[in-house]
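Asker: Residues per chain are reported as follows:
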Amino acid sequence: MPKTVIPIVALPQSSQEMVSLYQSEAKIQMRSVTGWFAGWRWALVWFTQLLFYGLPWLVWNGRQAVLFDLAARRFYLFDLVLYPQDVIYLAALLIISAFALFLFTAVAGRLWCGFACPQTVYTEIFMWVERRFEGDRQARIKLDAAPWSAQKIAKRGGKQVVWLLIGLWTGFTFVAYFTSAHQLLADAWALSLGPSELFWSLFYGFATYGNAGYMREQVCKYMCPYARFQSAMFDRDTLIISYDTARGEPRGSRARGVEPASVGKGDCINCTLCVQVCPTGIDIRDGLQYECIGCTACIDVCDSVMDKMNYPRGLIRYATENSMAGNWPAAQMWKRVFRPRVLIYSAVLLLIVGAFVTSLALRLPFKADVVRDRGALARLVEDGRIENVYRIQLMNASESTQRFHIEVDGLPSAVITQGSNVEVGATQARWLPVAVQITPEAAQALGSGAHTLRFRIAASPSQVVTEKSTFVVPR
Amino acid sequence: MSDFSSNGWAIFVGAATVIGLLACLWLLFVASKRIPMADDNSTGHVFDEDLVEMNNPLPRWWMILFILTVVFAFAYVAIFPGLGSLPGKLGWTSQNQLQAELKAAEATKAKVYAEFNNQAAPALSQNPRAMAIGERLFINNCSACHGSDARGSKGFPNLTDSDWMHGGSPEKIEESITLGRQGMMPALAAAVGTPEDVRNLANHVLSLSGSAHNSLAASAGRAKFAVCAACHGMDGKGNQALGAPNLTDKIWLHGWGEEAIVAIVTKGKTNVMPAQGGRLTPAQIHVLATYVWQLSQPTMAAQSK
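First to last, the protein sequences are chains A and B.
Under numbering that gives the first Met the number 0, the residue at position 35 of the first sequence is numbered 34, and the numbers go up by one with no gaps.
Under numbering that gives the first Met the number 0, the residue at position 147 of the second sequence is numbered 146, and the numbers go up by one with no gaps.
If you are wondering where the hints come from, they were derived from the structure by calculation, not from laboratory data.
Since the model is a prediction, treat every value here as computed from it, not as a measurement.
Using N, Cα and C, we set each Cβ at its ideal position, and we do this for glycine too.
Be a bit skeptical, because a hint or two may be false.
As the list claims (entries may be wrong) - Derived DSS-like pairs: lysine-lysine, alpha-carbon spacing no greater than 27 Å straight-line:
no., chain 1, residue 1, chain 2, residue 2
1, A, 467, A, 366
2, A, 154, A, 26
3, A, 220, B, 32
4, B, 32, A, 26
5, B, 249, B, 153
To be verified - A few chain B residues that face chain A, going by a derived Cβ cut-off under 8 Å, partial list only:
no., residue
6, 30
7, 34
8, 44
9, 46
10, 143
11, 146
12, 155
Given these sequences and hints, build the entire structure.
Answerer: This is the structure:
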């Protein structure tokens with residue numbers, strides 16, 4: 000196929016003088032919005048925050064239900080006692096999160112960003128506080144322009160105080176996942192927090208205050224990598240927030256009750272409410288943009304305007320690029336949403352979740368590891384018997400004392416002469432020296448060298464761990 | 000102290016660091032103003048009919064953070080040793096950080112062991128927490144040679160039996176652990192006589208413990224035992240002050256049988272237990288010695304019955 004060369008076209012030189020490469024971002028005063036999607040957004044705020052702020056206070060088995068005790072290296076999740084060796088479950092959880100992300104992003108775009116991301120959630124909370132003190136968009140714009148007065152100080156100051164308190168409480172809650180929440184509260188009240196607890200509480204508190212109070216959309220626009228690689232997860236069948244250009248253009252105001260087609264206008268009345276409610280300050284009517292975090296505020300506000308104008312809803316709605324281009328009916332669009340890509344993601348996700356849940360359900364409440372002595376490989380004891388010594392590490396992953404019974408098999412006449420029954424306390428790990436002997440006849444028959452030996456470590460008849468090791472017969 | 004032989008390298012590193020930091024600031028300011036290339040904020044060219052490259056301004060908060068980073072970097076290299084071989088205002092070195100951390104660890108350790116310091120071995124051996132600590136200390140420090148179950152192997156004493164070359168009291172065990180031991184048996188074959196004599200002596204030694212031996216050779220070798228009695232005693236029961244083993248028991252540290260005894264008499268033997276006093280605190284050695292002592296108690300009790 001002959002190569003087509005498309006020449007690079009130069010645009011006309013700019014008429015502007017020198018400009019600065021650094022620009023102070025224009026402050027976005029977002030107008031508040033209510034609607035069906037906004038309802039869902041607030042439901043998720045309540046759900047995620049009840050979980051986050053509430054979990055550290057739950058008590059289970061006499062201790063905190065969710066506790067990541069880094070110092071003692073035990074991680075408690077309700078009934079589960081996890082060891083650092085269980086980090087594979089964390090890896091599985093992350094893989095599940097990743098595939099879930101791929102799945103719902105392929106289906107409906109940036110659902111995470113607009114509804115569940117902590118940046119969005121905390122910004123919502125902080126903006127609600129701001130509205131309580133300073134009023135909605137118009138009032139805030141006026142307050143920004145107004146000179147400093149007692150009232151302005153009271154409003155701004157009050158807002159700052161509440162913001163700082165929320166930030167501190169958030170930092171405190173975060174640290175409470177790693178130390179006892181009740182103890183932490185008592186320490187904080189007595190002003191005797193440990194240095195690292197104090198530092199991390201303040202750090203996360205300040206991060207919450209800074210990100211939700213000031214940075215807001217700057218995080219989404221400049222810091223978060225998700226904004227940049229979303230285009231890799233979308234395709235033309237992904238549901239995205241779309242402005243129906245065919246229906247809305249040409250935009251412009253018109254008298255109430257007039258049929259838009261009769262005055263040569265589309266359904267969009269150019270009220271710019273969709274721009275006013277946008278937390279990232281874009282105009283969705285320009286099409287898909289990377290700044291759009293999928294918060295659906297523009298959908299809600301446009302629907303409310305359509306209701307007032309008695310036009311059908313959905314001028315801005317969730318639609319796929321293909322359905323917009325081809326003017327598809329809704330049924331066809333929805334059918335295409337469940338395409339091979341989505342089905343494969345779902346299948347993989349189901350498999351991994353299944354494996355994860357099964358593995359957790361079948362998990363034994365202890366771990367065992369056999370380490371053979373290397374300094375003293377083998378020794379001759381009385382009657383000419385050969386003895387090998389091992390160390391067994393027993394890790395009790397439950398919260399009650401466990402009694403272990405240890406046996407060996409795989410070698411004729413092998414018996415444990417020392418350490419076949421042992422007790423390990425709750426969540427304790429213990430090294431146990433164990434000696435195994437075989438008769439001189441068996442040693443003769445086996446010949447010199449290393450032979451496979453199996454240890455069966457049982458906490459109860461149904462909970463057995465088998466570990467392989469070797470038995471050395473000296474020359 | 001610089002690792003380089005010439006001071007020139009230190010100056011080079013310091014200069015490169017400072018120049019690099021200043022260069023970052025310079026780059027930031029030099030690039031802060033530009034003549035826009037096109038009115039639509041793009042670089043002024045259209046590729047493939049409709050592709051345009053934007054040149055959006057950076058947010059000012061980003062620039063301020065960048066400057067703060069450079070300021071932080073300057074402060075950091077002033078405080079810590081970052082400029083060549085300059086030591087920095089705080090005088091930090093990794094050695095003195097290690098020393099500080101060791102001191103803190105010692106203080107924490109001392110608190111754990113404090114309650115055990117005043118308890119003598121018999122009482123301490125009944126304390127399950129202390130013995131659990133003792134077991135862990137043993138497994139981490141002693142088991143490489145003495146075995147995880149303390150029964151030793153060839154050349155490494157069995158700590159659970161009743162045979163103690165240097166004394167088996169808790170105080171003597173503490174001494175052995177702290178200072179180490181060196182067992183020295185000189186090669187005495189020349190003093191004994193011919194290889195035939197040595198073999199006879201070996202059989203006599205075997206007879207002392209009632210082990211299998213050649214009676215004729217044993218009686219021939221009895222006279223030669225005077226060479227050994229200086230250290231091992233006339234009755235062969237050993238001398239704990241010298242670390243000379245008891246030859247009348249059936250415990251053979253360096254091998255059993257005539258060949259082994261001949262080899263030792265001919266070549267001598269030096270066996271060393273390394274001192275642990277520099278690695279473990281006295282409090283730890285006290286707990287460890289008690290643990291080792293109580294390992295041999297069942298055998299001692301059985302024997303004394």
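Asker: Starting from residue 220/A, check that the Cα of residue 32/B is at most 27 Å away, please.
Answerer: holds (23 Å)
Asker: Can the hint on residue 143/B be confirmed by a CB-to-CB distance to chain A that is less than 8 Å?
Answerer: Constraint on residue 143/B satisfied, holds at 4 Å.
Asker: Should the hint that residue 44/B touches chain A count as held when the rule is a Cβ pair under 8 Å?
Answerer: Nearest chain A Cβ about 5 Å off; hint holds.
Asker: For the restraint on residue 30/B, tell me whether the closest CB of chain A is nearer than 8 Å.
Answerer: holds (6 Å)
Asker: Once the shortest beta carbon distance from residue 34/B to chain A is found, is it less than 8 Å?
Answerer: holds (6 Å)
Asker: Once the shortest beta carbon distance from residue 155/B to chain A is found, is it less than 8 Å?
Answerer: holds (7 Å)
Asker: Check whether the Cα positions of residue 249/B and residue 153/B lie no farther apart than 27 Å.
Answerer: holds (14 Å)
Asker: Below or equal to 27 Å on CA atoms is what counts here, so check residue 32/B against residue 26/A.
Answerer: The hint holds at about 23 Å.
Asker: So, residue 146/B near chain A? Judge it on the closest CB pair being under 8 Å.
Answerer: holds (4 Å)
Asker: Can the restraint linking residue 467/A and residue 366/A be considered satisfied, given a maximum Cα separation of 27 Å?
Answerer: Answer holds: residue 467/A to residue 366/A is near 14 Å, not above 27 Å.
Asker: Under the criterion of a CB-CB separation shorter than 8 Å, is residue 46/B in contact with chain A as hinted?
Answerer: OK, holds: residue 46/B within 8 Å of chain A, min 6 Å.
Asker: Given the proposed pairing of residue 154/A with residue 26/A, does the C-alpha separation stay at or below 27 Å?
Answerer: holds (18 Å)
Violated hints: none; the structure is consistent with every hint.
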